[in-house]
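**Q** Listed below, chain by chain, are the residues.
Protein chains: 2
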Amino acid sequence: MKIYVVGIGAGSADGMTFEARNVLEKADVIVGYTVYAELVKKLFPEKEYFVSAMKQEAERCRKAVEMAADGRNVAVVCSGDAGVYGMASLVYEIAASYENVEVSVVAGVSAMLSGGALVGAPLGHDFAVISLSDLLTPWEKIEKRLECASAADFAICLYNPSSKKRHDYLMRACDIMLKHKNADTVCAVAKNIGRDGEEYAIMSLAELRNYSADMFTTVFIGNSMTKNIGGKMVTPRGYKNV
Amino acid sequence: MKIYVVGIGAGSADGMTFEARNVLEKADVIVGYTVYAELVKKLFPEKEYFVSAMKQEAERCRKAVEMAADGRNVAVVCSGDAGVYGMASLVYEIAASYENVEVSVVAGVSAMLSGGALVGAPLGHDFAVISLSDLLTPWEKIEKRLECASAADFAICLYNPSSKKRHDYLMRACDIMLKHKNADTVCAVAKNIGRDGEEYAIMSLAELRNYSADMFTTVFIGNSMTKNIGGKMVTPRGYKNV
Numbered sequence: 001m002k003i004y005v006v007g008i009g010a011g012s013a014d015g016m017t018f019e020a021r022n023v024l025e026k027a028d029v030i031v032g033y034t035v036y037a038e039l040v041k042k043l044f045p046e047k048e049y050f051v052s053a054m055k056q057e058a059e060r061c062r063k064a065v066e067m068a069a070d071g072r073n074v075a076v077v078c079s080g081d082a083g084v085y086g087m088a089s090l091v092y093e094i095a096a097s098y099e100n101v102e103v104s105v106v107a108g109v110s111a112m113l114s115g116g117a118l119v120g121a122p123l124g125h126d127f128a129v130i131s132l133s134d135l136l137t138p139w140e141k142i143e144k145r146l147e148c149a150s151a152a153d154f155a156i157c158l159y160n161p162s163s164k165k166r167h168d169y170l171m172r173a174c175d176i177m178l179k180h181k182n183a184d185t186v187c188a189v190a191k192n193i194g195r196d197g198e199e200y201a202i203m204s205l206a207e208l209r210n211y212s213a214d215m216f217t218t219v220f221i222g223n224s225m226t227k228n229i230g231g232k233m234v235t236p237r238g239y240k241n242v
Numbered sequence: 001m002k003i004y005v006v007g008i009g010a011g012s013a014d015g016m017t018f019e020a021r022n023v024l025e026k027a028d029v030i031v032g033y034t035v036y037a038e039l040v041k042k043l044f045p046e047k048e049y050f051v052s053a054m055k056q057e058a059e060r061c062r063k064a065v066e067m068a069a070d071g072r073n074v075a076v077v078c079s080g081d082a083g084v085y086g087m088a089s090l091v092y093e094i095a096a097s098y099e100n101v102e103v104s105v106v107a108g109v110s111a112m113l114s115g116g117a118l119v120g121a122p123l124g125h126d127f128a129v130i131s132l133s134d135l136l137t138p139w140e141k142i143e144k145r146l147e148c149a150s151a152a153d154f155a156i157c158l159y160n161p162s163s164k165k166r167h168d169y170l171m172r173a174c175d176i177m178l179k180h181k182n183a184d185t186v187c188a189v190a191k192n193i194g195r196d197g198e199e200y201a202i203m204s205l206a207e208l209r210n211y212s213a214d215m216f217t218t219v220f221i222g223n224s225m226t227k228n229i230g231g232k233m234v235t236p237r238g239y240k241n242v
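Protein chains in written order, with full-length UniProt numbering: chain Z, 1 to 242; chain F, 1 to 242.
Extracted from the complex, chain Z is given alone in its bound form (with noise of 0.2 Å):
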């Protein structure tokens, strides 16, 4: 049997692809954290769900896996991307246990380019991703990861910025990126993209260190070409110019 694991994007039914609506669509059960499954439901009122609370992923992936081997159709929904931050790893390293099980990966707009497109175009140009979540990853390693990209001027965006335990995780990345990236780095912040009270801002790298991310904010540092275009966040294309 076949499990779909669907990025749903950011919120919005406008923001998923038509592909993930067909997939959900044919699904027995649908399966997910409970709020991104309430985004789902407003679609598909009548379908089955199996949904738990934040940090039960694994447990829930697995359970996803066992209903897909007694042979139903189940999708396991992201927010995004299935595979960015997701559960699609998650769901081929459980099912990589059960031989009739084929694992299927749909692609969604990630908080990288919804929040983006928000913003203006801050990824024009070479990127890194980072996750400032140290719940899976030892913080030494976030840490290099922040001073490499900045030393190689990428833009950047962040995920996890913050949390209720990690409050100053923002101002320590900021500090390190700081080490490379000028204070008037362009950078921006996307909240709650795509859903009730959407909002953003253009700020510095200084102002960005003193801001108050939660953990439904996507941050963007710019690479040395960023600028503000009529307060959008831009990262050129290139380095030879129009």
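These are computed hints drawn from the structure, not numbers from a lab. Values in this document were obtained by computation on a predicted structure and should not be read as measured data. Think of the CB as a built atom: it goes at the ideal place given N, C-alpha and C, for glycine as much as any other residue. Treat the hints with care, as some may be off.
Said to hold, decoys possible - Output of the computed footprint for chain Z on chain F, the stretches with three or more beta carbons under 8 Å from beta carbons of chain Z:
| # | region |
| --- | --- |
| 1 | 170 to 183 |
| 2 | 218 to 224 |
As the list claims (entries may be wrong) - Listing some non-contacts, in silico: residues in chain Z with all C-beta distances to chain F over 12 Å:
| # | residue |
| --- | --- |
| 3 | D14 |
| 4 | G15 |
| 5 | V29 |
| 6 | K41 |
| 7 | E46 |
| 8 | N73 |
| 9 | A82 |
| 10 | E102 |
| 11 | K164 |
| 12 | G194 |
| 13 | S204 |
| 14 | R209 |
| 15 | S212 |
| 16 | F216 |
We have chain Z already, so just place chain F on it with the hints.
**A** Just chain F now, with coordinates in the frame of chain Z:
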């Protein structure tokens, strides 16, 4: 007037978001590189199109902005996402000289995500995206980014790995990555994503070094944790395991 810069995804109509299709439906004129405009024409054969060849991006975008300034509803189409190596930043830069033109970006599924879904889940953890095209970027800058991204154990996605004039660039990039990544690092290539002739392959970094990529290929290089699970490339979402 508003000008829309629209990411249409990998190429199949199914890979487009509802938002992208809605915006194209309302456009008076659709502007783009010949190949991508042709893909859109299949969906909207009755529209007016302004198409031009590769390397004429600046001229094409200028024409698009002028048409918007003249009061027409213009959509500039890009394959994948509009922001990632797309036309969005170029349109922002050009539109800055026109007081009555407002830019709006519509995100799409970039090749790192659609190609990623095809080969497995290669970008399940922090990653860097690097274009090997040195048309607008000094090669030294590209080398530095390859070096730093490898040193920090990022998964890496390469755009534009090759062209007629740059047939050995992927080999040179692999040699740089091999300074920090093991020769048996799990890698993948995705070709003609979402179009006729779609295919992918999983291979080691040593094998990738001798792979002949073309300009329709997207390349993925794993981090130290990336695995081959049943012929798919899977990067776990953290370093503390399931």
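**Q** A separate judgement is required for each hint: does it hold in the structure or not?
**A** Consistency of the hints with the structure:
no., hint, verdict
1, 170 to 183, "violated (count 0)"
2, 218 to 224, "violated (count 0)"
3, D14, "4 Å, violated"
4, G15, "6 Å, violated"
5, V29, "21 Å, holds"
6, K41, "17 Å, holds"
7, E46, "20 Å, holds"
8, N73, "18 Å, holds"
9, A82, "7 Å, violated"
10, E102, "9 Å, violated"
11, K164, "19 Å, holds"
12, G194, "9 Å, violated"
13, S204, "19 Å, holds"
14, R209, "21 Å, holds"
15, S212, "23 Å, holds"
16, F216, "17 Å, holds"
This entry does not satisfy hints 1, 2, 3, 4, 9, 10, 12, going by the numbered hints stated previously.
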